[in-house]
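Asks: Residues per chain are reported as follows:
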Amino acid sequence: MYDKEMISRCVLSPFGSFYKEEQVRKELTDGYRYGVRSIVVEADQVPMLKEIEKQYGNGYTRTGMVLGYPYGGYTTEIKLKLAEYAIENGIDEVDLGVNIHAFWSNDIETMYRDLKAVVDYADGRLRIAAIAWLIRNSLENIDKIMDTFVRAGVKVIKTNPGGRFGEMKVEHIQYVHTHYPEIEIEVAGRCRSRETAEKMVEAGASYFHLSSWRRMSGIGEDIQFDYDTKVADYMEYKGGIWRK
Amino acid sequence: MDRKTVASKLENRVFDMDVHDTDVSNACYEALYHGFASVQVFPVMVEECRKILGGSNVKIAVLIDYPHGGFPPEIKKMEILDAKKRGADIFNVCFTNRNVKDGKWDLVDRELQILREAAGESELRIFLETEYLTDEEITKLCERAVGRGIDTVITSTGLYYKLDKESGREVPVRAEARDVRLVRKAVGERAKIMAQGFIDDWDLAKEILEAGADLIGSVKAVKLLEEFHWRGDEPCMTKK
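These protein sequences, in sequence, are chains A and B. One gets the working numbering by counting positions in the first sequence from 1 and adding 804 to each. One point on numbering: in the working numbering, the residue at position 87 of the second sequence is 84, and numbering is uninterrupted.
Chain A extracted, bound-state conformation:
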């Protein structure tokens, strides 16, 4: 995969609390300039994203917002309010945290109703990428989650919320793509090498939600936060420390 294709498959999301506005603006602007697939932000960053889209929009990069991310422990009412906010502000897609607590409690219908309410409310106005928590579930559970997603009308999954929850495996992608070929797959969760990304694309993945989108695309280092110095900057982790 050439750098340009990798970039076109990247989803970036600069919304950690350590980001300064100038850093967020640079990430958003560069996301449009390079032509990433999507830029996902928190609700309060939507006006900034839309402002930068006006200036740098390229007709390809989608605007995204997190909704109930990542644990999905928000009530359906609040999720609907966020969906309304996203639609009113012209957002293209949302990363949706499902009520995974209900799923674990063997109350799949509650998870379904919560999910279905958002899908119905969006009514095609938002592309909904539901978080499937693949890495934390058995294949049997993955089937139950995916069946529920399909029943609710979900067409896109995000494999996990992100790196903290574990490292995505190519086999997970193969499994989901084989059994649910109609579902588009966005990978999130420690995909850290181009080689792995390529294998995942072969297995059926379309996009990659990456904190290391620049490094993975061969265009530089990404923003990291050093907890000791409390500085966020474009750094490389080498020899046990962050280096500029």
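No wet-lab data here; the hints were simulated from the structure. One or more of the hints may lead you astray.
The calculated PhoX-like cross-link candidates involving lysine-lysine, where the alpha carbons are at most 25 Å apart (straight line), are [said to hold, decoys possible]:
{"#": "1", "chain 1": "A", "residue 1": "Lys854", "chain 2": "B", "residue 2": "Lys162"}
{"#": "2", "chain 1": "B", "residue 1": "Lys74", "chain 2": "A", "residue 2": "Lys1034"}
{"#": "3", "chain 1": "A", "residue 1": "Lys973", "chain 2": "B", "residue 2": "Lys137"}
{"#": "4", "chain 1": "B", "residue 1": "Lys101", "chain 2": "B", "residue 2": "Lys137"}
{"#": "5", "chain 1": "A", "residue 1": "Lys1034", "chain 2": "B", "residue 2": "Lys162"}
{"#": "6", "chain 1": "A", "residue 1": "Lys824", "chain 2": "B", "residue 2": "Lys101"}
{"#": "7", "chain 1": "A", "residue 1": "Lys1034", "chain 2": "B", "residue 2": "Lys182"}
{"#": "8", "chain 1": "A", "residue 1": "Lys854", "chain 2": "B", "residue 2": "Lys101"}
No experiment lies behind these values; they were computed from the predicted model shown.
Mind docking chain B on chain A? Use the hints.
Replies: Chain B alone, transformed into the frame defined by chain A:
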């Protein structure tokens, strides 16, 4: 400190993606049995907690805009009102700390004011995220918070891991007594301090309490109490 006092300083957290409804009900029963101050849950769990804890002294603390704090304040207000309607007593709100990093104090003040209005007479807490803020930012935010009537400041969401420089492995970002002392200096006695962040053994909990924390939020609240029981400051009735 005796066992009852220690228990009254603990908030029993129900936290992670793979919690069952039995984890929620058990956390509530543990809180009742041990005399914990409160339980900390996601909004979808509040009604279940209310069924068990209604009429007791154990409070229900609900997470608002957890974990990133990126809702516009008006949506946080809606979430607080929604949780209040469902039976929450305390609101643990993730604050928009990017505004603190940017020195946008007018936005910080506005958010604090909206949150205070939404919570009404109920206890209102905000997460400081001390792991992300400099000492100066922590101090300034604490001063603003107490000035706007925030009841309690929470040191951390207790969520993050960092790379250990020696081992190169990811380790949890744990609460630190140093941060508690800094926060205490900033808020004085005008607000309570709840420490949170992988406080999973009594040695750290003791250090944190001695540094000035009023409360500790932990998924290991029962373990902390048991460790205090066997290794703590004062002998308990059952301790030989």
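Asks: Hint by hint, note whether the structure agrees.
Replies: Now the hints, each set against the structure:
1. With a C-alpha separation of about 39 Å, the suggested pairing of Lys854 (chain A) with Lys162 (chain B) is violated against the 25 Å cut-off.
2. Proposed proximity of Lys74 (chain B) and Lys1034 (chain A) is contradicted: the alpha carbons are some 30 Å apart, above 25 Å.
3. As the CA atoms of Lys973 (chain A) and Lys137 (chain B) are separated by approximately 44 Å, the hinted pair breaks the 25 Å bound.
4. Of the supplied pair hints, the one linking Lys101 (chain B) and Lys137 (chain B) holds, its CA atoms being roughly 11 Å apart against a limit of 25 Å.
5. As the CA atoms of Lys1034 (chain A) and Lys162 (chain B) are separated by approximately 14 Å, the hinted pair is consistent with the 25 Å bound.
6. Pair hint Lys824 (chain A) plus Lys101 (chain B) holds up; C-alpha atoms about 11 Å apart against a cutoff of 25 Å.
7. For the proposed pair Lys1034 (chain A) and Lys182 (chain B), the alpha carbon gap of about 20 Å is at most 25 Å, so the pair holds.
8. Annotation: proposed proximity of Lys854 (chain A) to Lys101 (chain B) holds, straight-line Cα distance about 20 Å (limit 25 Å).
Hints 1, 2 and 3 from the list above are not met by this structure, while the remaining hints are.
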